[in-house]
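Following the hints, complete the assembly by docking chain B onto the known chain A.
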Amino acid sequence: MSLAEFHALIAAPATLKILVTTDEDGTPRPAVSDFIAPGDGGTLLYFEPLESSKTQRNLTRAIWFDRPVSVVVVAADGRRFTARGRPQRAVIAGPRFQAHYAAFRADRGDVDLAAVWVIDVTGVEGLDLGADIATEERERPFFRHLDRIARA
Amino acid sequence: MNYVLTRTHFDDTATLREAWAKYPDFPRLIALKIDVQRRGVHYTDGALTLVDPALHQLRSANIFGTRDEKVRYLLPDSLLLRDGTSIVVDPAPLEWGPYVVDRVDDRLFLFDQGERLEEVELWHKPAFYDRSTSSGVPMNLIAQARPQRINIFQSSFCYFWAKDDGGCQFCDIVNFTKQQREVLSDRPERPRARDIAETVKEALKEKGRFTTFCLTGGSVLKGEELFDLEVSHYIETLQAIGENFTTKKFPSQLVASAFNEKQLRRLWEETGLTSYTSDLEVLNERLFEWICPGKAKHVGYREWRDRLIRAVDIFGRGNVNTGIVGGVELARPLGFQGEGEALEATLSEAEYLAERGVTTIHTVWVPRPGSQFRDQVAPSLDYYIRLASGLHRLRVKYGLSIDFDDYRRCGNHPDTDLARLL
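Protein chains in written order, with my numbering: chain A, 1 to 152; chain B, 153 to 574.
So here's chain A without its partners, still in its complex pose (with noise of 0.2 Å):
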């Protein structure tokens, strides 16, 4: 998948977004999110509405200690992809901030910004179980029960 093609996807309202992060003991958090948009280059952009959700504070701890994150998408139509990376920029102030703070709120109606999260995407991996279970097959023979490949 392009960046391009991985973009429009990120951006279509029909998508479902997931952001996982980590809390300090390193359990992953889920959050579906409509926050997510493209970035410039190959990066994501989270709108964090909270200062204080657990989220934020996952992100600031990423950013901080160089943890990864992830964010899980599924398409309209069925298709699914993992995005991996790591926080690069808290934008938290400035013009680009008071740019995003006014078109978040234009769209959301009356709630805050925290911050504009811009995450460096290191990979897209596509989450194709049909694709998964024919590879394992063919690969990794020993992995199957015998009663699947017994006679009648």
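Honestly, the hints are just simulated from the structure, not real lab data. The C-beta atom is built at its ideal place from N, Cα and C for all residues, glycine as well. The reader is advised that the hints may include incorrect statements.
What the hints assert, rightly or not - Here are the computed lysine to aspartate or glutamate pairs in the EDC-like style, where the Cα-Cα straight-line distance is at most 16 Å:
(1) LYS359/B <-> ASP112/A
(2) LYS277/B <-> ASP204/B
(3) LYS359/B <-> ASP107/A
(4) LYS359/B <-> ASP110/A
(5) LYS400/B <-> GLU388/B
Claimed, not checked - Covered, in the sense of this in silico footprint (three residues per stretch, anywhere, with C-beta under 8 Å from a C-beta of chain A), are these stretches of chain B:
(6) 179-193
(7) 356-364
Here is chain B on its own, set in the frame of chain A:
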């Protein structure tokens, strides 16, 4: 009399990289911030080509001075790191070994001894800086900006300085005010309420630009009771600000003298103020008497501390704090003789306050040329990392928030940067 040390102290302390390795659980960006604040910055000519006075906030009217003994207004105000952390920092002479801000392509980076460390951004100038009030005063002389905060300096004169031995030893407020007068001759001694109301109204037109106010100024001892006049000035200012809001209360911080309960109740009931700070400066009674003789004489350490604790009943837990000038407890010759001893004593006293609902925040001590302690040296980066971590741990232990003085509302306290994880 000052105890003179050489300025080569940065050579014999742990380097930033050593600190990063020693404290893997301490954010590298905050350690960098601390060290930049300790050592100051130097902007190369190349870096200055990216500074646009139409876009960026240059050094402006301020309450405290700089370490380079000059008031140079064509330099950037301060910096932002990529995680949103502010570095409130002033220029330092090159011979002091500051970090260098240099240009690479069209971006700015911090360098240390030629090694590129992190990208930095300049603070952007708010739109109101280009406006004047109806009385003709430039609004940038009425209020000043941080990335997300409006500062209003009530008064740049501190009456503790009225007697030669009364001002705090690390402070340069009055000397710096005199220095600024030569450059900022239009600056009013005390901003008028009408000018403040108009400036705030203008500032609020920029959507998403500000989240809070910080009011501060020198202590004013006059009044029927000590500080009564100071309180009245702040009430006038806060009411002028409040004209611009639909709610009675608005996010705000007052950094002021240690007011008595009656004065604090007036502030709470008559204004929109939501938090209160009164700086003990150093958490030790003996050192307070030496370092802050005016405060010690007029109020005293224990009474200052008790007034903070009583303020919690009015403003609530998590809405009252005290600032310390981190490292001044090691000033020579009467300060603690070792960093371990200083840290233990400071955190112990901070815990006494935390148990009673008062949080302690620290700045990084910069021995300023206009202060009595001008020839002293700040402690090591290692010390500041342990101090910031210790104060943060106390907030965790006692469930105290610091929302009104955090990385975004203020940006000058490494310990409250850590509160982003709370």
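Taking the hints in turn, this is what the structure says about them:
{"no.": "1", "hint": "LYS359/B <-> ASP112/A", "result": "holds, 11 Å"}
{"no.": "2", "hint": "LYS277/B <-> ASP204/B", "result": "holds, 10 Å"}
{"no.": "3", "hint": "LYS359/B <-> ASP107/A", "result": "holds, 15 Å"}
{"no.": "4", "hint": "LYS359/B <-> ASP110/A", "result": "holds, 12 Å"}
{"no.": "5", "hint": "LYS400/B <-> GLU388/B", "result": "holds, 15 Å"}
{"no.": "6", "hint": "179-193", "result": "holds (count 4)"}
{"no.": "7", "hint": "356-364", "result": "holds (count 4)"}
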